[in-house]
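So the sequences go chain by chain: D and H.
In this text, residue positions in the first sequence follow this note's numbering: the first is 11, and each later residue adds one.
In this text, residue positions in the second sequence follow this note's numbering: the first is 11, and each later residue adds one.
Simulated from the structure, these hints should not be mistaken for laboratory data.
As the structure is a computational prediction, the values presented were derived from the model and not from experiment.
Warning: the hint list may mix true and false statements.
Stated by the list, open to error - Computed footprint of chain H on chain D; a stretch qualifies when at least three of its residues, placed anywhere within it, have a C-beta under 8 Å from a C-beta of chain H:
{"no.": "1", "stretch": "15–29"}
{"no.": "2", "stretch": "78–87"}
{"no.": "3", "stretch": "98–109"}
{"no.": "4", "stretch": "354–367"}
{"no.": "5", "stretch": "372–378"}
Don't be surprised by glycine CBs; every beta carbon is placed ideally from N, CA and C.
Here is what each chain is made of, one letter per residue.
Number of protein chains: 2
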Amino acid sequence: MRQSELFTRVERISPKDEEARSAKFLVRAGFINKEAAGVYSFLPLGLRVIRKIEGIVREAMSQVRGQEVLLPVLHPRDKWEKTGRWQSMDVLFKLKGREEREFALGPTHEEIIFPLLKRFVSSYKDLPTYVYQIQDKFRDEPRAKSGLLRGREFLMKDLYSFHADEADLGQYYDKMIGVYQNLFKAMGIQPVLTEASGGTFSKRSHEFQLLSEVGEDTIYYCEKCDWAENKEMAEVKTGTKCLKCGGKLEEKKAIEVGNIFKLNTRFSEPFEVMYKDEKGKENLVYAGCYGIGISRLMGAMAEVLSDEQGLVWPETVSPFGAHILELTGGSATKIYSDLQKKGIEVLYDDRKISAGEKFAEADLIGIPWRLVVSAKTGDKIEVKRRGEKESKLVKISEFIKMI
Amino acid sequence: MRQSELFTRVERISPKDEEARSAKFLVRAGFINKEAAGVYSFLPLGLRVIRKIEGIVREAMSQVRGQEVLLPVLHPRDKWEKTGRWQSMDVLFKLKGREEREFALGPTHEEIIFPLLKRFVSSYKDLPTYVYQIQDKFRDEPRAKSGLLRGREFLMKDLYSFHADEADLGQYYDKMIGVYQNLFKAMGIQPVLTEASGGTFSKRSHEFQLLSEVGEDTIYYCEKCDWAENKEMAEVKTGTKCLKCGGKLEEKKAIEVGNIFKLNTRFSEPFEVMYKDEKGKENLVYAGCYGIGISRLMGAMAEVLSDEQGLVWPETVSPFGAHILELTGGSATKIYSDLQKKGIEVLYDDRKISAGEKFAEADLIGIPWRLVVSAKTGDKIEVKRRGEKESKLVKISEFIKMI
Numbered sequence: 011m012r013q014s015e016l017f018t019r020v021e022r023i024s025p026k027d028e029e030a031r032s033a034k035f036l037v038r039a040g041f042i043n044k045e046a047a048g049v050y051s052f053l054p055l056g057l058r059v060i061r062k063i064e065g066i067v068r069e070a071m072s073q074v075r076g077q078e079v080l081l082p083v084l085h086p087r088d089k090w091e092k093t094g095r096w097q098s099m100d101v102l103f104k105l106k107g108r109e110e111r112e113f114a115l116g117p118t119h120e121e122i123i124f125p126l127l128k129r130f131v132s133s134y135k136d137l138p139t140y141v142y143q144i145q146d147k148f149r150d151e152p153r154a155k156s157g158l159l160r161g162r163e164f165l166m167k168d169l170y171s172f173h174a175d176e177a178d179l180g181q182y183y184d185k186m187i188g189v190y191q192n193l194f195k196a197m198g199i200q201p202v203l204t205e206a207s208g209g210t211f212s213k214r215s216h217e218f219q220l221l222s223e224v225g226e227d228t229i230y231y232c233e234k235c236d237w238a239e240n241k242e243m244a245e246v247k248t249g250t251k252c253l254k255c256g257g258k259l260e261e262k263k264a265i266e267v268g269n270i271f272k273l274n275t276r277f278s279e280p281f282e283v284m285y286k287d288e289k290g291k292e293n294l295v296y297a298g299c300y301g302i303g304i305s306r307l308m309g310a311m312a313e314v315l316s317d318e319q320g321l322v323w324p325e326t327v328s329p330f331g332a333h334i335l336e337l338t339g340g341s342a343t344k345i346y347s348d349l350q351k352k353g354i355e356v357l358y359d360d361r362k363i364s365a366g367e368k369f370a371e372a373d374l375i376g377i378p379w380r381l382v383v384s385a386k387t388g389d390k391i392e393v394k395r396r397g398e399k400e401s402k403l404v405k406i407s408e409f410i411k412m413i
Numbered sequence: 011m012r013q014s015e016l017f018t019r020v021e022r023i024s025p026k027d028e029e030a031r032s033a034k035f036l037v038r039a040g041f042i043n044k045e046a047a048g049v050y051s052f053l054p055l056g057l058r059v060i061r062k063i064e065g066i067v068r069e070a071m072s073q074v075r076g077q078e079v080l081l082p083v084l085h086p087r088d089k090w091e092k093t094g095r096w097q098s099m100d101v102l103f104k105l106k107g108r109e110e111r112e113f114a115l116g117p118t119h120e121e122i123i124f125p126l127l128k129r130f131v132s133s134y135k136d137l138p139t140y141v142y143q144i145q146d147k148f149r150d151e152p153r154a155k156s157g158l159l160r161g162r163e164f165l166m167k168d169l170y171s172f173h174a175d176e177a178d179l180g181q182y183y184d185k186m187i188g189v190y191q192n193l194f195k196a197m198g199i200q201p202v203l204t205e206a207s208g209g210t211f212s213k214r215s216h217e218f219q220l221l222s223e224v225g226e227d228t229i230y231y232c233e234k235c236d237w238a239e240n241k242e243m244a245e246v247k248t249g250t251k252c253l254k255c256g257g258k259l260e261e262k263k264a265i266e267v268g269n270i271f272k273l274n275t276r277f278s279e280p281f282e283v284m285y286k287d288e289k290g291k292e293n294l295v296y297a298g299c300y301g302i303g304i305s306r307l308m309g310a311m312a313e314v315l316s317d318e319q320g321l322v323w324p325e326t327v328s329p330f331g332a333h334i335l336e337l338t339g340g341s342a343t344k345i346y347s348d349l350q351k352k353g354i355e356v357l358y359d360d361r362k363i364s365a366g367e368k369f370a371e372a373d374l375i376g377i378p379w380r381l382v383v384s385a386k387t388g389d390k391i392e393v394k395r396r397g398e399k400e401s402k403l404v405k406i407s408e409f410i411k412m413i
């Protein structure tokens, strides 16, 4: 798209009401807009990143046979009473409508998915089954100062798996660890698989923790064998030996971008989600849940992959594949249309502003390939990767091969 | 996908808590699940229909240069105070969080989009500009009995256009009438363009009204020239002459599936959204808004396109392109994979149930092409269109040409 037509524009001054570097960059570059603490709008550039992340996640979910659903934001109170979480979950947004009808704004969807499951599962033949959703969730956080890293309203993917027994759940759960690692790798990041508390209903859960100084989680991490444990579990300490390889454990700050959790029968019990086995006996359904913070991931990538000049998007999640800067004396209209014909998404800076401004803005926005067309480039283009210093003068056909 | 693996299943009994035929069919066939009055989950089949509708709408929005954004559900109270609608809008869901922070759940997004516009528009060079969103909206309706036709939580598309003056707004507005008509046509429906009230801030608005006995709107409609007016405006009456062609006006019930509205300066005033013109003079921005009820459309299509046996989806919005029924003695695995290779989305009924049940369920689900493979069909398939009585025995290659 032509940058002169883009709804947003880059701002010169960093927002004063943001603390995290990622939030400063994302706001200044026009990816997001802050509506309230922890509540953001996703603007055209930002929504493009979200959609790319969602695309990678959807692809992975269909590989593990997840079927997509869309569940409501408004959760009737009675369902949350049934699990005891109307009282116990302190971040629950509560709402009273007409005729005293009370709702929670869904922070997670067990209270919706389990009764739904009851409608469709009655026999062992109906299991296993896998359902996921990507949607807005809500938590009334006491503190929401880290931009997209901790939102009051945020986008999340949750997959729920349902099984006839613990063994089948265990197999699927183990498989999901690898699926998650591949999925994050496709986004250009490698969060650390971290052992964490299983809550009141299972021994262990796993978190995917992206090492970062601004992270709100603390983990003990062994660089040697990549083993890690969340500090909350407190079985190990910094400086002590890694339980796995004997290496030295270090305390690290990290951003939790995903987690997987065995729910076992915690929610099938209150909602009485049962199935008949081959002998006709009624059993409780076993379940697992597998979360990914979609909007948090965008913030986390903006945090760990950026440099002093701005954002640095991996090709798989970048809002555009290439950024053409047209400088005085050059014309990029043909290159723009040629690249589009090849299916490359291009942001074309056709504005009449100085070269210096264009370079600075391109660095801030962080599209992986920067293409300069000027009086000097002739029938070639000057190609530079975001994050690298060297540029190269190449023909368009050569660039198409590079990308 | 194989129907044996589908998360949902068709139910034999119609839900007792639904009044509208569309809701009865959609619930029974497993497209949606009722969570509360006016609050639904979209299950795999239903979400596929929603995504198809969204796809058609997005395509049309990009034709009129709309840029997609995603705005929050949580709207801070102060923005709604500024327009006076915190008090005046009686369907507003209100919410109080920690530290007495108050929010409305967005029923529409003028209170978010106008302050956002202020951030990016300051000069005549920034106009016109067009922004749209497809997302969950909320209205605390006094009555929500018609399934997806009137929801408390629902999916909607809203495009906002911003202009330097009334004339430019007028041109875009007129163009949108045609864009909307084409967009609905692509979904297999032809709602009536209906003149309606412009509220307190413009003379006229236009609604797109789909004639249906269950509709909650009443319009005066001239069959001869297709002119219509909403009864609320009350300038004409049934039996009187059409103002346009002299034909006879009739009172009809209809479902409003879209509306377009000139906001003029109604919202740029309270939020002081101004731009500098070529002479350096400050002016208010003119705006229009263009809505489509995404989830309501799904309900409306289920209402007007269905028959006694069930749903009848147009090809462009159907959850799948073809429905293969494998009956005793037939094997459809090769046909299933051949069609998928051709890019056709197929629901493959591979379950071991009776032919009668398969036929009845296929009619209820309403996929446009039904393909039967049985002991009798040999190397051919028996093809029937949903809604037609005749079936045809054809080769797969012939069917691929037909579809």
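Now for the hints, and whether the structure bears them out:
1. 15–29: holds (count 5)
2. 78–87: Satisfied; 9 residues make the cut.
3. 98–109: holds (count 5)
4. 354–367: Answer violated; 0 residues pass the 8 Å Cβ test.
5. 372–378: violated (count 0)
Comparing the model with each earlier hint shows violations of hints 4 and 5; every other hint is respected.
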